Amino acid sequence: MTADRPRGPGNPLQALDAPLAFIGRRAAEAVLVMLAIAVIAFAVKGALGDPLREIMGEAVPETQRAELRHRLGLDVPWPTQLARYLGHAAQGDLGQSYIYKRSTLEVVLAKFPASFELVLAASLIVLLISLPAGIHCAVKPRSLGARLILGLSVIGISVPVFLTGIILISIFSVWLGWLPAFGRGETVHIGFWETGLLTLDGLKHLLLPAVTLSSIMLPLFIRLVRGAMLDQLGTDYVRTARAKGASRLRVWLHHALRNALLPLVAIAGLQIGNMLAFTLLTETVFQWPGMGFLFLEAVTRADVPLITTYLVAVGFLFVVTNTLADVVSLWLDPRISLEGRR
Amino acid sequence: MSGESARTVAASLRSFALDRPGSMVAAVLLATIALAALAAPLIAPQNPFDLASFDVLDADLPPFWLAGSDPRFLLGTDSQGRDLLSAILYGTRISLTVGVLAVAIQAAIGIPLGLIAGYVGGRVDSLVARVADVQLSLSTLIIAIIALALVRAGLGGEALGRLAVPLLVLVIGIAEWPTFARTARAATFAEGAKDHVRAAKALGASNAGVIRRHILPNILSPLIVVATTQIAGAIMAEAALSFLGLGLPITQPSLGTLIRSGYDLIFAGIWWVTVLPGLTLVGVLVAVNVLGDALRDALDPRLTLS
Numbered sequence: 006m007t008a009d010r011p012r013g014p015g016n017p018l019q020a021l022d023a024p025l026a027f028i029g030r031r032a033a034e035a036v037l038v039m040l041a042i043a044v045i046a047f048a049v050k051g052a053l054g055d056p057l058r059e060i061m062g063e064a065v066p067e068t069q070r071a072e073l074r075h076r077l078g079l080d081v082p083w084p085t086q087l088a089r090y091l092g093h094a095a096q097g098d099l100g101q102s103y104i105y106k107r108s109t110l111e112v113v114l115a116k117f118p119a120s121f122e123l124v125l126a127a128s129l130i131v132l133l134i135s136l137p138a139g140i141h142c143a144v145k146p147r148s149l150g151a152r153l154i155l156g157l158s159v160i161g162i163s164v165p166v167f168l169t170g171i172i173l174i175s176i177f178s179v180w181l182g183w184l185p186a187f188g189r190g191e192t193v194h195i196g197f198w199e200t201g202l203l204t205l206d207g208l209k210h211l212l213l214p215a216v217t218l219s220s221i222m223l224p225l226f227i228r229l230v231r232g233a234m235l236d237q238l239g240t241d242y243v244r245t246a247r248a249k250g251a252s253r254l255r256v257w258l259h260h261a262l263r264n265a266l267l268p269l270v271a272i273a274g275l276q277i278g279n280m281l282a283f284t285l286l287t288e289t290v291f292q293w294p295g296m297g298f299l300f301l302e303a304v305t306r307a308d309v310p311l312i313t314t315y316l317v318a319v320g321f322l323f324v325v326t327n328t329l330a331d332v333v334s335l336w337l338d339p340r341i342s343l344e345g346r347r
Numbered sequence: 155m156s157g158e159s160a161r162t163v164a165a166s167l168r169s170f171a172l173d174r175p176g177s178m179v180a181a182v183l184l185a186t187i188a189l190a191a192l193a194a195p196l197i198a199p200q201n202p203f204d205l206a207s208f209d210v211l212d213a214d215l216p217p218f219w220l221a222g223s224d225p226r227f228l229l230g231t232d233s234q235g236r237d238l239l240s241a242i243l244y245g246t247r248i249s250l251t252v253g254v255l256a257v258a259i260q261a262a263i264g265i266p267l268g269l270i271a272g273y274v275g276g277r278v279d280s281l282v283a284r285v286a287d288v289q290l291s292l293s294t295l296i297i298a299i300i301a302l303a304l305v306r307a308g309l310g311g312e313a314l315g316r317l318a319v320p321l322l323v324l325v326i327g328i329a330e331w332p333t334f335a336r337t338a339r340a341a342t343f344a345e346g347a348k349d350h351v352r353a354a355k356a357l358g359a360s361n362a363g364v365i366r367r368h369i370l371p372n373i374l375s376p377l378i379v380v381a382t383t384q385i386a387g388a389i390m391a392e393a394a395l396s397f398l399g400l401g402l403p404i405t406q407p408s409l410g411t412l413i414r415s416g417y418d419l420i421f422a423g424i425w426w427v428t429v430l431p432g433l434t435l436v437g438v439l440v441a442v443n444v445l446g447d448a449l450r451d452a453l454d455p456r457l458t459l460s
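Chains A and B are the protein sequences, given in the same order. The first sequence runs contiguously to residue 347 in my numbering. The second sequence runs contiguously to residue 460 in my numbering.
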């Protein structure tokens with residue numbers, strides 16, 4: 006809900022034995038978390054869906070029901086069913102979608118490129134704007150520009166992402182008629198990946214959703230960059246570098262920014278949950294055919310296997326991002342390996 | 155609350171009002187909106203929940219400053235002929251209610267846990283901190299979306315609509331308790347080391363007594379600051395969930411529901427049904443956020459970003 010403050014442990018890596026052991030432990034944790042998510046998905050499936058009714062309807066004699074129940078493996082105790090579910094899941098079989106009559110994993114994966122390209126474009130915008138803006142606010146805190154940026158960012162975090170989307174559509178699609186409001190436009194298949202980045206039409210369709218999605222993350226990241234830079238600018242080594250005659254720009258970018266990026270990576274990794282939620286909202290506004298849009302369709306039409314597959318996919322993205330953020334922090338911070346040798 | 159800290163808080167608030175004219179504007183704006191929303195049944199021209207009172211002939215009328223408006227409907231009507239001003243007043247009422255109640259639940263879970271964790275320390279503390287960390291990293295909004303989506307898939311859209319208010323309050327309340335717990339824990343930790351707390355313990359005060367009389371009154375400032383930003387977050391979450399069709403139904407619209415219901419109409423040039431509730435929502439959120447920032451500066455200088 007609140008995208009306005011950094012979260013999570015400052016540096017989770019301080020008490021490490023060795024980098025490799027750390028990566029191993031994180032990977033083991035990731036597997037455990039995925040297992041837990043799969044069990045939750047199994048429970049949700051059991052609680053929500055009666056696959057028999059979905060397949061056969063209400064008016065079918067009990068003998069046929071019993072036969073199908075046996076064929077679907079629903080007549081065995083639940084621990085056996087869970088074991089089967091996990092076994093199938095490990096092989097990439099998470100069930101059949103009621104709507105699409107296909108493997109749910111295929112359905113969800115087919116929508117992944119759309120969501121990924123949207124998030125990628127939005128992240129680029131966030132990066133390109135928040136770094137200079139955040140640095141400016143840190144090095145010139147009293148300037149008009151800094152006040153303006155921080156003032157705007159208060160308004161920015163107060164405008165819900167779906168409203169930003171609606172406003173942009175009203176202006177650029179309805180009023181000016183410059184940009185399309187719905188869908189991905191023309192796409193190109195490269196193997197299994199369906200991309201909208203290679204056609205002009207696809208890029209045009211991407212612009213408004215990407216700007217919308219970036220607008221909600223921008224205020225947070227500007228504040229984060231500013232905070233991290235301020236922390237670094239107050240340190241002794243920055244003052245020493247200045248005293249030794251390094252130019253201001255060099256000190257800001259080469260010394261302060263480099264070290265300011267470290268906590269940013271850790272925090273950015275923790276934003277994946279928010280990013281997923283905001284992507285879902287953006288996809289709804291722009292009818293962007295991504296995973297979030299698919300999920301809401303599955304919810305309205307009670308496609309239980311598809312819902313649970315989305316949960317597993319989201320859990321997987323979540324685990325991968327968090328693990329990657331930790332590993333990248335490890336790679337960025339030379340102190341960690343030094344501590345490891347101790 | 156002890157008299158001492160009440161005076162400190164009052165003094166801080168006074169200097170805050172004088173130093174920051176911008177936040178005074180925000181406070182006045184918020185108070186006006188909140189009063190109007192509270193008084194909605196008294197001042198609204200129409201009951202927006204009473205479908206029988208609408209007339210389709212009144213549908214899609216523009217607000218008063220546009221050509222073709224009707225003096226009976228100051229801000230125009232939606233596609234069912236619902237008076238938009240009334241709908242916004244009632245919608246704000248629902249949005250504010252959900253926001254405040256959800257934060258009350260967050261506080262009711264988070265503050266006691268934070269107090270106990272900070273006071274007792276040790277294993278209890280690390281357990282609370284760990285659970286809070288994990289839950290925060292999941293993001294409230296995605297937890298709430300998934301929880302309500304599962305309810306909807308299980309019970310159907312109609313049942314979700316009937317139970318929407320308590321469900322939203324519960325989901326947003328439970329999903330965000332860690333923020334309060336963390337703040338209370340950190341403040342309790344700092345307060346517990348102070349002489350007056352140690353003196354009280356030495357004099358034989360019970361643990362519950364120490365927490366109630368010596369710690370809680372002194373950690374109110376950061377909790378008030380957190381509560382403000384949390385209310386903004388809860389209102390925004392409610393709006394997002396209702397916009398996705400996972401919150402309040404159109405028969406009982408909140409601001410988010412109104413924005414959703416007017417969304418399709420913008421392509422027909424009928425922008426006011428979605429934009430006017432949207433502006434109201436942004437007004438409330440900006441006011442609460444500006445107040446939150448200002449309160450942070452006034453009550454708790456330690457929390458200031460710089």
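If you're looking for bench data, these hints aren't it; they were derived computationally from the structure. All figures in this text were calculated on a predicted structure; none of them were measured in a lab. Any given hint could be a false lead.
Claimed, not checked - Covered, in the sense of this in silico footprint (three residues per stretch, anywhere, with C-beta under 8 Å from a C-beta of chain B), are these stretches of chain A:
1) 166-177
2) 280-294
3) 308-322
Cβ coordinates follow ideal geometry from the N, Cα and C atoms, glycine included.
How the hints compare with the structure:
1. Judged by the Cβ-Cβ criterion of 8 Å, the stretch 166-177 of chain A is covered by chain B as claimed, because 7 of its residues qualify and three suffice.
2. For the stretch 280-294 of chain A, the stated coverage by chain B is satisfied: 7 residues place a CB nearer than 8 Å to a CB of that chain, which reaches the threshold of 3.
3. With 4 residues having a beta carbon nearer than 8 Å to a beta carbon of chain B, the stretch 308-322 of chain A meets the requirement of three or more and the stated coverage holds.
Going through the hint list in order, the structure satisfies each hint without exception.
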